[in-house]
Amino acid sequence: MELFITRYIQLKNHQVILNGIVEYVSEEQSVSKFLGSVYGRSTLDYPKFFKMDNLSKLGFLSAELLLQGTDILQKYPGEEIGIILSNASSSLESDEKHQNFIRDRNNYFPRPSIFVYTLPNIMAAEIAIRHKIKGENTVFISEQFDPGFLYHYVSELFRNQRVHCCIPGWIDCYGDGYESFLFIAERGDRIKRFQDLPEGIPFDPLNLEKLFKGESI
Amino acid sequence: MEDLILKLKKEIIGILNREDITPEDIDAEAPLFGDGLGLDSIDALEFIVLLEETYGIKIEDPKKGRKIFYSVKTMADYIQEHQKN
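Residue numbers (my numbering), protein chains in the order written: chain V, 1370 to 1586; chain X, 218 to 302.
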């Protein structure tokens, strides 16, 4: 079974890069302002966005811009689409904020809106809720982007027919550092036409590594 | 009362992290939940924390929240009533 990357997106260095082409450069330096500017220039009206932590905002916007203009959500039932994410920082930023609210037993006021984001899986859930995606969803933590692992895990899901389309990638955010790389993987025999990448990109660890680094295939 | 309502509106905007709305955008008598601000059950819990932390009012029965948090006005009424006691 041949798998292809049919579209990919990166949000990093204050830029939105779609299929290797810079679509937007923000003048905002901080991660929250950058994400706010990406949301602001979109046509999105999703009040819940403002309540998300930066990690979920990054994942949410990456998925939004990745899926925008594709027929993925019409072509595949929600049950057939998977979301397999990975990152290095887990939900550490929200974990630390939560800890700050509970460290003093005499001033103990845990904030529910922060506590709910103390799991990286919440970012996958925000994407799944938004797009009614109900297939396999998992977030793995690794020190750095691991194309080999992601390739084998996602391929296995396709082989076992757990998914017929998958949105895998790397969504990492902690402090001032952030980077997202998200793509759509599909079976060759389910692709009627390559929307943006005329020849498609074979889904393999080498290509994943190159795309992640911004190198051409 | 007007001061309290304005303060509550600012606190709600802070909880929602909405830099794009101002206190004037929130109708003090309009329902807080449902359409509009996009509030959910987590926000209801935040309001319970807000009342306890900022106003020293503990809501023992969360079911009462539906009435108390109906609008900014009902929240303000509840705060005024319970801070007096």
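Hints were generated in silico from the structure; no laboratory data involved. One or more of the hints may lead you astray.
What the hints assert, rightly or not - Here are the simulated DSBU-like pairs of lysine-lysine, each with C-alpha atoms no more than 30 angstroms apart in a straight line: (1) Lys-1417(V) with Lys-1402(V); (2) Lys-227(X) with Lys-1501(V); (3) Lys-1466(V) with Lys-275(X); (4) Lys-1417(V) with Lys-1466(V); (5) Lys-1417(V) with Lys-280(X); (6) Lys-275(X) with Lys-224(X); (7) Lys-224(X) with Lys-1402(V); (8) Lys-1501(V) with Lys-1417(V); (9) Lys-224(X) with Lys-1466(V); (10) Lys-227(X) with Lys-1503(V); (11) Lys-1501(V) with Lys-275(X); (12) Lys-1417(V) with Lys-284(X); (13) Lys-1579(V) with Lys-227(X); (14) Lys-1466(V) with Lys-227(X); (15) Lys-227(X) with Lys-1444(V); (16) Lys-280(X) with Lys-1402(V).
Unchecked claim - Stretch by stretch, here's where chain V covers chain X in the computed footprint (C-beta under 8 angstroms, at least three residues): (17) 241-252; (18) 282-296.
Backbone N, C-alpha and C define an ideal beta-carbon position, used for all residues, glycine too.
Going down the list of hints, with the structure as the test:
The suggested pairing of Lys-1417(V) with Lys-1402(V) holds, with an alpha-carbon distance near 17 angstroms, which does not exceed 30 angstroms. At most 30 angstroms may separate the alpha-carbon atoms for a hinted pair to count; Lys-227(X) and Lys-1501(V) exceed this at roughly 33 angstroms. With a C-alpha separation of about 23 angstroms, the suggested pair Lys-1466(V) and Lys-275(X) falls inside the 30 angstroms cut-off, and the hint holds. For a cut-off of 30 angstroms, the pair hint linking Lys-1417(V) to Lys-1466(V) stands: about 19 angstroms separates their Cα positions.
Among the hinted pairs, Lys-1417(V) with Lys-280(X) is consistent with the structure: their alpha-carbon atoms are about 24 angstroms apart, no more than 30 angstroms. Note on Lys-275(X) and Lys-224(X): the hinted pairing holds, with a Cα-Cα distance of about 19 angstroms set against a maximum of 30 angstroms. A threshold of 30 angstroms between alpha carbons decides the hint, and for Lys-224(X) with Lys-1402(V) the separation of about 25 angstroms falls inside it, so the pair holds. Restraint check: the Cα-Cα separation between Lys-1501(V) and Lys-1417(V) comes to about 15 angstroms, which is no more than 30 angstroms; the hinted pair holds.
Our distance criterion of 30 angstroms between C-alpha atoms is met by Lys-224(X) and Lys-1466(V), whose separation comes to about 24 angstroms. Taken as a hint, the Lys-227(X) and Lys-1503(V) pair is broken in the structure, with Cα atoms around 37 angstroms apart against an allowance of 30 angstroms. Proximity of Lys-1501(V) to Lys-275(X) is assessed by CA-CA distance (about 37 angstroms); at most 30 angstroms being required, the pair is judged violated. Proposed proximity of Lys-1417(V) and Lys-284(X) is supported: the alpha carbons are some 23 angstroms apart, at most 30 angstroms.
For the hint linking Lys-1579(V) to Lys-227(X), the alpha-carbon distance of about 47 angstroms lies beyond 30 angstroms, and the restraint is violated. Only pairs whose Cα atoms come within 30 angstroms are accepted, and Lys-1466(V) paired with Lys-227(X) is accepted, the gap being roughly 21 angstroms. Restraint check: the Cα-Cα separation between Lys-227(X) and Lys-1444(V) comes to about 44 angstroms, which exceeds 30 angstroms; the hinted pair is violated. Between the alpha carbons of Lys-280(X) and Lys-1402(V) the distance comes to roughly 37 angstroms, so the proposed pair goes past 30 angstroms and is violated.
Counting residues of the segment 241-252 of chain X whose CB falls under 8 angstroms from any CB of chain V gives 0; the rule of at least 3 is not met. Counting residues of the segment 282-296 of chain X whose C-beta lies closer than 8 angstroms to any C-beta of chain V gives 0; at least three are required, and the coverage claim is violated.
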